[in-house]
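> The lines below spell out each chain.
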Amino acid sequence: MNVSTLTNFAAETESGIGALGIDPIKIALQAGTFLILFFLIKKYALDNIVKNLDDRRYKIDEGLTNAEQAEKRLREVGVESEKVMAQARKDGDKVVEDANKESGAIVQSARDQAQVEHDQKLDEADNKIAQKQKEVSKGLKGEAASLVALATETIIGEKLDAKKDSALLDKALKQEIANG
Amino acid sequence: MAKLSRKQIANALADSWVSKGTNRKDLAAQTAALMIEEGRKNEVDLVVKDVKYILFSKYGIVVTEVFTKNPLTDTNKANITTLVKQKLSSAKKIVINENIDDSLLGGAFIATPEFSLDLTINSKLKKLRNV
Chain A
56 MNVSTLTNFA
66 AETESGIGAL
76 GIDPIKIALQ
86 AGTFLILFFL
96 IKKYALDNIV
106 KNLDDRRYKI
116 DEGLTNAEQA
126 EKRLREVGVE
136 SEKVMAQARK
146 DGDKVVEDAN
156 KESGAIVQSA
166 RDQAQVEHDQ
176 KLDEADNKIA
186 QKQKEVSKGL
196 KGEAASLVAL
206 ATETIIGEKL
216 DAKKDSALLD
226 KALKQEIANG
Chain B
48 MAKLSRKQIA
58 NALADSWVSK
68 GTNRKDLAAQ
78 TAALMIEEGR
88 KNEVDLVVKD
98 VKYILFSKYG
108 IVVTEVFTKN
118 PLTDTNKANI
128 TTLVKQKLSS
138 AKKIVINENI
148 DDSLLGGAFI
158 ATPEFSLDLT
168 INSKLKKLRN
178 V
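So the sequence lines, in the order shown, correspond to chains A and B. Under the working numbering, the first residue of the first sequence is numbered 56, with each subsequent residue one higher. Under the working numbering, the first residue of the second sequence is numbered 48, with each subsequent residue one higher.
The set of hints was computed from the structure by calculation and includes no laboratory data.
Simulated restraints, written as ranges between beta carbons of each label pair:
{"#": "1", "chain 1": "B", "residue 1": "L51", "chain 2": "A", "residue 2": "G194", "range": "56 to 62 angstroms"}
{"#": "2", "chain 1": "B", "residue 1": "S170", "chain 2": "A", "residue 2": "G194", "range": "20 to 26 angstroms"}
{"#": "3", "chain 1": "B", "residue 1": "L81", "chain 2": "A", "residue 2": "G194", "range": "54 to 60 angstroms"}
{"#": "4", "chain 1": "B", "residue 1": "D121", "chain 2": "A", "residue 2": "N182", "range": "54 to 60 angstroms"}
{"#": "5", "chain 1": "B", "residue 1": "D121", "chain 2": "A", "residue 2": "G235", "range": "19 to 25 angstroms"}
{"#": "6", "chain 1": "A", "residue 1": "Q170", "chain 2": "B", "residue 2": "N177", "range": "43 to 49 angstroms"}
Mimicking SDA-like on lysine to any residue, the simulated pairs with C-alpha atoms at most 20 angstroms apart in a straight line are:
{"#": "7", "chain 1": "A", "residue 1": "K219", "chain 2": "B", "residue 2": "I147"}
{"#": "8", "chain 1": "B", "residue 1": "K132", "chain 2": "B", "residue 2": "S104"}
{"#": "9", "chain 1": "B", "residue 1": "K134", "chain 2": "A", "residue 2": "D225"}
{"#": "10", "chain 1": "B", "residue 1": "K124", "chain 2": "B", "residue 2": "V142"}
{"#": "11", "chain 1": "A", "residue 1": "K226", "chain 2": "B", "residue 2": "K132"}
{"#": "12", "chain 1": "A", "residue 1": "K226", "chain 2": "B", "residue 2": "L119"}
{"#": "13", "chain 1": "B", "residue 1": "K174", "chain 2": "A", "residue 2": "E231"}
{"#": "14", "chain 1": "B", "residue 1": "K173", "chain 2": "A", "residue 2": "E208"}
{"#": "15", "chain 1": "A", "residue 1": "K219", "chain 2": "A", "residue 2": "T209"}
{"#": "16", "chain 1": "B", "residue 1": "K171", "chain 2": "A", "residue 2": "G212"}
{"#": "17", "chain 1": "A", "residue 1": "K97", "chain 2": "A", "residue 2": "Q85"}
{"#": "18", "chain 1": "B", "residue 1": "K50", "chain 2": "B", "residue 2": "L93"}
{"#": "19", "chain 1": "A", "residue 1": "K196", "chain 2": "B", "residue 2": "L172"}
Pulled from the structure, derived: some chain B residues nowhere near chain A, Cβ distances all over 12 angstroms:
{"#": "20", "residue": "R53"}
{"#": "21", "residue": "K54"}
{"#": "22", "residue": "A79"}
{"#": "23", "residue": "L81"}
{"#": "24", "residue": "M82"}
{"#": "25", "residue": "E84"}
{"#": "26", "residue": "G86"}
{"#": "27", "residue": "I108"}
{"#": "28", "residue": "K140"}
{"#": "29", "residue": "N144"}
{"#": "30", "residue": "A158"}
Don't be surprised by glycine CBs; every beta carbon is placed ideally from N, CA and C.
Please model the complete structure; the sequences and the hints are all you need to start from.
Here it is in structure tokens:
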């Protein structure tokens, strides 16, 4: 069959569907080509593409889930941090309050101690003064007694004769006898 | 011949001293001679002390040494006798030996085998000085 024959045949067939411009053979060939292409794509590429898409979707879903979880966690952490901060503020206030109380107690204790030491030193000073006075008084007494003794000795040496001595002895003896 | 102990000599002396007819001066001289001869001069004071003690404990005789500046009057002696008898109830006889001590200012120091009593002005002044 030559070209003219085919041209004629085509011209003749343009009477049915061909009149609409639709060539069934071409359509069949295109459909076959499409199917072959589809088959090839499905066999060699589609699975991988779908798999990649699935992976990507999975990753995206995972990322979104993670993001949601992270956001949720962030909110929780925020709440928790608020609680921690509140507790920390409370603890801090308590520490400050305790420190104030303790420092007050320490200051009071130091004052009391200082007062006690002050009183003790005053007492010691009073005692020392009293002791000193006593010593001075004793010294004066001793000195006075020595002077009196010396004066008495001198006077007795000069004035005490045998008669007076005898009378004094009698007096002393009688006193001893009276004392038993 | 063995030496007599101090106690034996004191006892013999005390017994002889109270015996009637004993010449006490001779007795004292003989005892002193014996002590010197035996080289026991240092014990004389102790023997005398022992004799006084024996005379008191055995015979109730209290030999009282009295040290004064001036001689004792009869009143002084009577008072001393009364005082010693009061302090030593077993005393039958009080013998007073007077000793004049010029270092004393006045008063008397009385010593018996059992007690001594310082009534001198010196001791009173000493007490005054120690106040």
